[in-house]
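J.: Both chains are sitting in their own frames, so use the hints and assemble them into the complex.
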Amino acid sequence: MSQASRREFLRRAGAFGLLRAAAPLGLQLAGIGAAAAATRPADYRAIVCLFMYGANDAHNTVVPRGEAQWRPYADARPGLALPRETLLPIASTDAELGLHPALAPLQTLYAQQRAAVLANVGPLMVPIRDATEFRATNVPRPPKLFSHNDQQAIWQAFSPEGARAGWGGRIADLLAAHNDAPLFTAISAAGNAVFLASEHTQPYQIGTGGAIGFNRSNASSLFGSPQGAAALRAQIAAGGGLMEGAYGDVVGRSVEAHARLSAALAKLPESDPRVTLPPGLEKDGLARQLRIVARLIGVHDDAAIAQRRQVFFVSLGNFDTHDGQLARQAGLLGSVAASVAWFQGAMDALGLSNQVTLFTASDFGRTLLSNGDGTDHGWGGHHFIAGGAVRGGRVYGRFPEVALNTATDIGNGRLLPTTSVDEYAATLARWMGVAPADLPLVLPNIGHFAQPDLGFLRA
Amino acid sequence: MAPAGRLLSLLAAVLLAACATPGDAPPVSDPWAYPARAAEIRRPRSPEQPRYARPTPAEASRFLQQATFGATPQTLVALEKSGYARWLDAQFRTPQTLFLPAIEPAHAALETGKNLRQDLFFAEFWKASATAPDQLRQRVAFALSEIFVVSFDGSLSARVRGMASYWDMLGRNAFGDFRTFLEEVTRHPMMGTYLSHLKNRKEDPKSGRVPDENYAREILQLFTIGLHELNADGSAKLRDGQPIETYDLDDITGLAKVFTGFSYGGPGTTDAHFNRQSEEPRWDILPMKGYPKFHATSEKRFLGVVIAPQKTADPEGDLGIALDRLFRHPNVGPFFGRQLIQRLVTSNPSPAYVARVARAFDDNGAGVRGDMQAVLRAVLLDPEARTATPAGKLREPVLRLSQWMRAFGARSQSGEFLIASTDNPGNSLGQSPMRSPSVFNFFRPGFTPSGVAFGPRGLVAPELQLVSETSVAGYANFMQTTIEAGVGRAEGGQRDVQADYAPAAALADRPEALLDQVELLLMSQRLTPDARTRVLDAIRALPLPASGPGAERARRERVKLATLLVMVSPEYLVQK
Numbered sequence: 002m003s004q005a006s007r008r009e010f011l012r013r014a015g016a017f018g019l020l021r022a023a024a025p026l027g028l029q030l031a032g033i034g035a036a037a038a039a040t041r042p043a044d045y046r047a048i049v050c051l052f053m054y055g056a057n058d059a060h061n062t063v064v065p066r067g068e069a070q071w072r073p074y075a076d077a078r079p080g081l082a083l084p085r086e087t088l089l090p091i092a093s094t095d096a097e098l099g100l101h102p103a104l105a106p107l108q109t110l111y112a113q114q115r116a117a118v119l120a121n122v123g124p125l126m127v128p129i130r131d132a133t134e135f136r137a138t139n140v141p142r143p144p145k146l147f148s149h150n151d152q153q154a155i156w157q158a159f160s161p162e163g164a165r166a167g168w169g170g171r172i173a174d175l176l177a178a179h180n181d182a183p184l185f186t187a188i189s190a191a192g193n194a195v196f197l198a199s200e201h202t203q204p205y206q207i208g209t210g211g212a213i214g215f216n217r218s219n220a221s222s223l224f225g226s227p228q229g230a231a232a233l234r235a236q237i238a239a240g241g242g243l244m245e246g247a248y249g250d251v252v253g254r255s256v257e258a259h260a261r262l263s264a265a266l267a268k269l270p271e272s273d274p275r276v277t278l279p280p281g282l283e284k285d286g287l288a289r290q291l292r293i294v295a296r297l298i299g300v301h302d303d304a305a306i307a308q309r310r311q312v313f314f315v316s317l318g319n320f321d322t323h324d325g326q327l328a329r330q331a332g333l334l335g336s337v338a339a340s341v342a343w344f345q346g347a348m349d350a351l352g353l354s355n356q357v358t359l360f361t362a363s364d365f366g367r368t369l370l371s372n373g374d375g376t377d378h379g380w381g382g383h384h385f386i387a388g389g390a391v392r393g394g395r396v397y398g399r400f401p402e403v404a405l406n407t408a409t410d411i412g413n414g415r416l417l418p419t420t421s422v423d424e425y426a427a428t429l430a431r432w433m434g435v436a437p438a439d440l441p442l443v444l445p446n447i448g449h450f451a452q453p454d455l456g457f458l459r460a
Numbered sequence: 172m173a174p175a176g177r178l179l180s181l182l183a184a185v186l187l188a189a190c191a192t193p194g195d196a197p198p199v200s201d202p203w204a205y206p207a208r209a210a211e212i213r214r215p216r217s218p219e220q221p222r223y224a225r226p227t228p229a230e231a232s233r234f235l236q237q238a239t240f241g242a243t244p245q246t247l248v249a250l251e252k253s254g255y256a257r258w259l260d261a262q263f264r265t266p267q268t269l270f271l272p273a274i275e276p277a278h279a280a281l282e283t284g285k286n287l288r289q290d291l292f293f294a295e296f297w298k299a300s301a302t303a304p305d306q307l308r309q310r311v312a313f314a315l316s317e318i319f320v321v322s323f324d325g326s327l328s329a330r331v332r333g334m335a336s337y338w339d340m341l342g343r344n345a346f347g348d349f350r351t352f353l354e355e356v357t358r359h360p361m362m363g364t365y366l367s368h369l370k371n372r373k374e375d376p377k378s379g380r381v382p383d384e385n386y387a388r389e390i391l392q393l394f395t396i397g398l399h400e401l402n403a404d405g406s407a408k409l410r411d412g413q414p415i416e417t418y419d420l421d422d423i424t425g426l427a428k429v430f431t432g433f434s435y436g437g438p439g440t441t442d443a444h445f446n447r448q449s450e451e452p453r454w455d456i457l458p459m460k461g462y463p464k465f466h467a468t469s470e471k472r473f474l475g476v477v478i479a480p481q482k483t484a485d486p487e488g489d490l491g492i493a494l495d496r497l498f499r500h501p502n503v504g505p506f507f508g509r510q511l512i513q514r515l516v517t518s519n520p521s522p523a524y525v526a527r528v529a530r531a532f533d534d535n536g537a538g539v540r541g542d543m544q545a546v547l548r549a550v551l552l553d554p555e556a557r558t559a560t561p562a563g564k565l566r567e568p569v570l571r572l573s574q575w576m577r578a579f580g581a582r583s584q585s586g587e588f589l590i591a592s593t594d595n596p597g598n599s600l601g602q603s604p605m606r607s608p609s610v611f612n613f614f615r616p617g618f619t620p621s622g623v624a625f626g627p628r629g630l631v632a633p634e635l636q637l638v639s640e641t642s643v644a645g646y647a648n649f650m651q652t653t654i655e656a657g658v659g660r661a662e663g664g665q666r667d668v669q670a671d672y673a674p675a676a677a678l679a680d681r682p683e684a685l686l687d688q689v690e691l692l693l694m695s696q697r698l699t700p701d702a703r704t705r706v707l708d709a710i711r712a713l714p715l716p717a718s719g720p721g722a723e724r725a726r727r728e729r730v731k732l733a734t735l736l737v738m739v740s741p742e743y744l745v746q747k
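These protein sequence lines are chains A and B, in that order.
Just so you know, we're using our numbering here: the first sequence kicks off at 2 and counts up by one.
Just so you know, we're using our numbering here: the second sequence kicks off at 172 and counts up by one.
Chain B extracted, bound-state conformation (with noise of 0.2 Å):
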């Protein structure tokens, strides 16, 4: 593509597909915006995916806890009726609930020097996690945002409007294509300022001054292709027995300098702009552009490319020509699909599986590499996402939360959701979305726990890099509070966030039904019969007047027991 125009053809394309289906999409009044939905992508009219059966209420489960933030007694009533390939169809078309829009008045009504808290995008995200349509695009921005990894916890800590945007432009893309993703996550001020390639300058050769090789470094290690050359199912190439480098560092600062010369976006195109934030009010929302004054022209090589030295500096040509390199590399279907199944799916998918998955990434059956959506039906309808697998994935803690929130209905008095950090772990969920420690995200892929069992098996479980003597017991703890007074803010002596247990209180006097219901929302499969059986002694125990004011009470009581029993035990936290 000619140089300095990939988003602006972008832009075009999304004008042209406006104005192709008017008032469909909302017109795009500010050319220095990002796109307001994604650019249309050639797909398949019937894609080819595994048919199966109307699903049974657990399979449904299942499916809802790999493809949303829990299952709810109408959304388990709905894709029991429609099947999985139409509810994925509907999910595609259903419109993006957005942060953005939620944030901007209260920045807008900021006094100078002063911040947004932090809380404000935590409301938005438990809000959209219990409540929002759009269940699937919003559970794989989650997942987006645990593989590319900005954070709060930082240099971002008072960026709460960028992150409402950061987290929309995930969202915007779940459902399509990788390489405008990746073009987007790149040029995000958030991500500029996270890994620091934000106003970085060319080399200077009088004062020694290199590039900032962040970004180069990162954007090949987590992002794209990873550490070593892999088979399209996901395992290592070999030379010698070894696995083989897929860069090193000469590749990094030759890569480094197609990241120079990228500052805030808007239509400032002075040195000051490049500068300082302050010229540009909404720098912490609009795409980084290129300033040619501040791009290396000395020659770039990496990965087997070779640009030449320029006389004019090409800033958006040269970051073209490199995400197209990258966005092309074999790995990229194998590296990033094994990642989003271990988000979604199960930690240890068979190479087989992550096969399928890059086949799906390398082309979507109408020949387009990198269509999220084809990717996304390959993980979630592969027959090993379809059936249990043996080891399965721990739920990681944000996600216990939400399933605790949809599977009761939870609704919040404010109607804001107005739950702070859960950040703590020894009072909390040890965990709170988008407040990753680094950008190696809160858990590694290739966690290993020590001791024996997994290790010498080839096996990696990642979310139990946050599982410690501390955090079981915080969790324990927190869900206790939040399954008997609700969660978030306590206004009136009430908390926020509360569940309506009515529904299930119903089946109270049949601890049998009850917990056959409890297990059906929260984990798709039942305990074991020795756990049933202490669970339903226990529910038993707990005495249930016929009538009277305690009756209702006592109801709910033993819905609530229910929940914490279930919700304590490994075989609720292990998800298969």
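With the rest of the complex left out, here is chain A (with noise of 0.2 Å):
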């Protein structure tokens, strides 16, 4: 987006803000995204956000396993600590590391350069040198740090609980206007999700099976009425008052979605092959959502949704580990990198691995000590990338010396993040198509950083 035309959206959004946000929202984009449509891309890009709800423990999850350095990490968490030899090797430039043995499919997307690790990243205001400037000054850091249901919305929209516009969103505030069906700019496979809202963008939350239709709301009789549809139709939308029309405004969408797209995925159907999950993975929640997302995508060329950019959220939770870790991690981690190299291979089955770019995230990292069998709330963590446009088989960011009272170690081995959330979306953004000036209007805070492309996508 140029200069002027960002100012004009800018200045439209205000006003439009003033509107009740849902019902004209195709209306708001597509009027914005005048000038933008001009420059509509030929190519089509979607990112796809899976956040482990709970925390996933990062110190399992990425390991040091040379012999040196795995030492300090086993003695700082007896109980917990994996042994060296069932540490999946991959491949890095800083040290020997290692994969939870649950993640041997991510482990081969790694090997195949379709998967990068970006080490210790979280929420920061501002870089933070060390545990020792943490500590000693008044650095800014995020709000309600520890805290879940904090975290997941700083993760997601920068702010604590009753945030309103997520990064996600914001993103799709910039690049709806290059689809031609707005509504489906945003999609949640996984509920309601900040990361996908904004003032301007409501994400559409659909159910794994597909978009769901109003029964009997177009029969020609309704429990024996002939004007009982009719009034079904109306009356689902029907109220003036402030909740009233919130919900009405869903039922709006949930209308229009349901036109548009049930016959578009009828064309990519679960048993096409290219989409069919395995026996395996059939009944896994995450393999589900993803289904459904690998659907949407195989379909976004379809006349009646014709999408461009696309954002994508998916999740996984249960991953609050303060007792059980070991087994329950283990359980989850598998799912996660099950259902992430199945959905790798349907990008590769419809053609579209190189466009579509797959990441992690979650609520914060946790302690290296253990309390028993568990781990309790830490910061920084350690994410995945995974798809055909990453640089992949590398770490990103800087791996952490894995031990306590390390300069990376705010206490019992809470990492202190040493690459920012704002950083991995601006990546994120950037290949998207957001236009490096337009990077704040995404992410207020990235002027406080350095390096807003990590450099883990090809452009």
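Just to be clear, a hint being listed does not mean it is correct.
Derived DSSO-like pairs (lysine-lysine); straight-line CA-CA distance at most 30 Å [unchecked claim]:
| id | chain 1 | residue 1 | chain 2 | residue 2 |
| --- | --- | --- | --- | --- |
| 1 | A | 284 | A | 268 |
| 2 | B | 285 | A | 284 |
| 3 | B | 408 | A | 145 |
| 4 | B | 464 | B | 482 |
| 5 | B | 285 | B | 377 |
| 6 | B | 747 | B | 252 |
To spell it out: a stretch of chain A is covered by chain B in this simulated footprint if at least three of its residues, at any positions, have a beta carbon under 8 Å from a beta carbon of chain B; those stretches are [unchecked claim]:
| id | segment |
| --- | --- |
| 7 | 148 to 159 |
| 8 | 230 to 237 |
| 9 | 321 to 332 |
Here are some chain B residues the structure puts well away from chain A; computed CB gaps all over 10 Å [unchecked claim]:
| id | residue |
| --- | --- |
| 10 | 212 |
| 11 | 286 |
| 12 | 314 |
| 13 | 317 |
| 14 | 439 |
Hints were generated in silico from the structure; no laboratory data involved.
Small disclaimer: the values here were computed from a predicted structure and weren't measured.
Think of the CB as a built atom: it goes at the ideal place given N, C-alpha and C, for glycine as much as any other residue.
T.: Spelled out as structure tokens, the structure:
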């Protein structure tokens, strides 16, 4: 977007902000995008956020496996340390690293250079040099550290619970004009998530089976009344109050989404071999979310929706491993790795793997110290980026020294992040086509960080 | 209170109460079990409360939408006669409907290695919500289950008996005192499992192990004081324009030490009893107790309290000190009170309303803090609760189904209300009781939908967090089927829970009267004139034979159509 059109965007966004957000959403963005539409990109691109709710223990996700580096890790968490020989080696320039043994499918993607690791990333207001600076000064830090719901919101939207606009939603604001049906710019297969919301974008929340219509809303007779269906269609969106209006808006989007999507999705049914889940994943909640995302991506070109830029959200919960961590985390990471690898296979089969990038996020990392059979709330963590556009097979950011009382340990092995979520997000936003000058619209704090592009994606 | 003794002295109080009124309470035969009833509380003889004229039918319905699982024709009449205050008094006296005794036989009959199905709990829930006489208690238990959250989703998936016990504990304390409640929540093995303070061990400098901080954090953030210092009206206190945090990481670390050394209840005291649930077959329903050997003896600092290093570990004493400190914190009244208002009455209470409820929490009129009956009176009899609020609250999905059951006298063919999980948002309610996805409940008290209508005006809409393009259609379709064919497991071609539409069907030839009745039972206020016209036209278009075999059926169809057209409408879905 040019400077002029950006100013125009802001002006009109402000003006439209006075309207009720949802019903006129398509109109708003179509209007704003009039200039941008002229420069509509030729290719299709999408990012998929996989959020691990409850806070994945990063210390047992990517682990030092050099003898000298593994030892302090193991000493710090008796009973929780993964045996050295079980770690799955991955190439890295700084240290010998290995993945959790449940991550074999991700190890393969990494070896194929289609996945990368971003080390020790987390929310920051400004860079903090080390734990001493963190303790000694009043350096600005994110509010409500270590609180699940707040840090989820901060990862997704840079503001604690109650946040109203996430960076996925802001990216969608800027790019929705490239889509014929802006309604489908931001889609969650995992329910409500502030990541995809903004003042102008309301995420479309789809079920894992596809769009759902209102039964018998066009029937010739409802309970024997020939006027029943018409009354049903009117009643589901009736009511003028604040909450009634909010509910009615969702109904309106639901009806429109079903009308546009059901025929399109029928062209790529679950039975299509390109998006069929193997028996082992058929009941996996995360894999099912990724299957509907794969189907939506597969039909992005359908005339009824015609999408060029999309932001998706999927999630898996129960990562809050205060106890029983070894068994629980293995199951969860196994699901993540298998689902992500399946998804990459589906993108390959659809011929879209270079155009779709999946990345992980989580509330925070966890303590290095054990509480017996689990870990407590931390801060920085390691994450994965996967897709054909990823400059894979590498670790980005700085992999921390895994031990107690290091420069990045702010207590009990809670990691002080060395890369900010802003930089992580900026790299993804740039790849999606957000202009450098527009990054502050998506990431208000990006000016505080040196590296708005971490380099893990090919332009 | 002397260490080691709070639980036992509570038990003693219950025993004394039982002695004072022989035959009134069952004797407590098991000193390790939860008490059978809440402890006695000093209460004012005639509580100070707003007086109201006898309610009109619409006003009575409005009250019953807030205080019960839905209005019925019978409870409407009863409330119109008694008035609110006497209705509350009667509910406070109504014996509790218990889930545990209904689950025990199935649990006892279980083969080793087998688990009960969650459906058993859901059936008890729906039976109680549809039919139990102690409606207020059950409704408040449901509200408490959304604040003091434990969930079948996760580590408790097989703990059906324990969850029934937790539910009964919520109900027992619904009219009790908050301090006892907080302790029973803390000690409950379901909470101990869910937030992992059960079997939590003291720190070990040798291995570097530290206490589990999970419960210490959530009891502060979610159950008692919240993140920010509050004024009595629930607004945040400010320093230099910024909210003041109530605790920091050091408070968590200090408080976490208090919650060490607690494990399985019952008489056993050995390390094996601490470590293994197999040592105590009723571990899932007995309150957790302290095991000194595993309890931290080092200094414990939190929220200005300092517990000196101990020669002899004192888990029970430390727990008492910590819970007393939290209970006495001035935040509890506005923090808890506001959430209770949100669960029962409105999403956006005025600060003055919150302050009135907080005042009732602080003092019930007889100098007692934390009297739940005083809090409930304040919540339900407040002028703001008794007049329509402009925004209201969205009815959560579980309550929509219970309201339908009660409005139309739904009966279970089996007598068991065999309704399984209602989780799926695409074809069901998108919500099952006690199956929140996390300790943060199905929805957050501060949830604000995106867009400009709410946030900039400082308004919240917690239940809207469950509303999506998928759930709105899923719910409407689910209600269509439910209204048409009933709900629950189908046996002999008929679903287990069936409405009795006959009373309403008697009005079928007078569409206006029929719609009046449906509106009264389900929503207390009226549809807007446009909507009314639309619904009436649709009803009239449904032909009603004067007699013959089709006549009765057509009458019922008119009721069903009216009910569906009301229940799918945002005008119904927002309770005002």
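J.: Now tell me if each hint is right for this structure.
T.: Here is how each hint holds up against the structure:
1. A:284 / A:268: holds, 23 Å
2. B:285 / A:284: holds, 22 Å
3. B:408 / A:145: With a Cα-Cα distance of about 16 Å, the restraint between residue 408 (chain B) and residue 145 (chain A) holds, given a limit of 30 Å.
4. B:464 / B:482: The given pair, whose Cα atoms are some 11 Å apart, holds under the 30 Å limit.
5. B:285 / B:377: Outside the cut-off at roughly 40 Å; violated.
6. B:747 / B:252: holds, 23 Å
7. 148 to 159: holds (count 4)
8. 230 to 237: Answer holds; 6 residues pass the 8 Å Cβ test.
9. 321 to 332: Check passed, 4 qualifying residues.
10. 212: Non-interface label stands for residue 212 (chain B): nearest chain A Cβ at 33 Å, farther than 10 Å.
11. 286: Correct as stated: the minimum Cβ-Cβ distance to chain A is 17 Å, above 10 Å.
12. 314: Non-interface label stands for residue 314 (chain B): nearest chain A Cβ at 19 Å, farther than 10 Å.
13. 317: holds, 15 Å
14. 439: Non-interface label stands for residue 439 (chain B): nearest chain A Cβ at 20 Å, farther than 10 Å.
Of the numbered hints listed earlier, the single one contradicted by the structure is hint 5.
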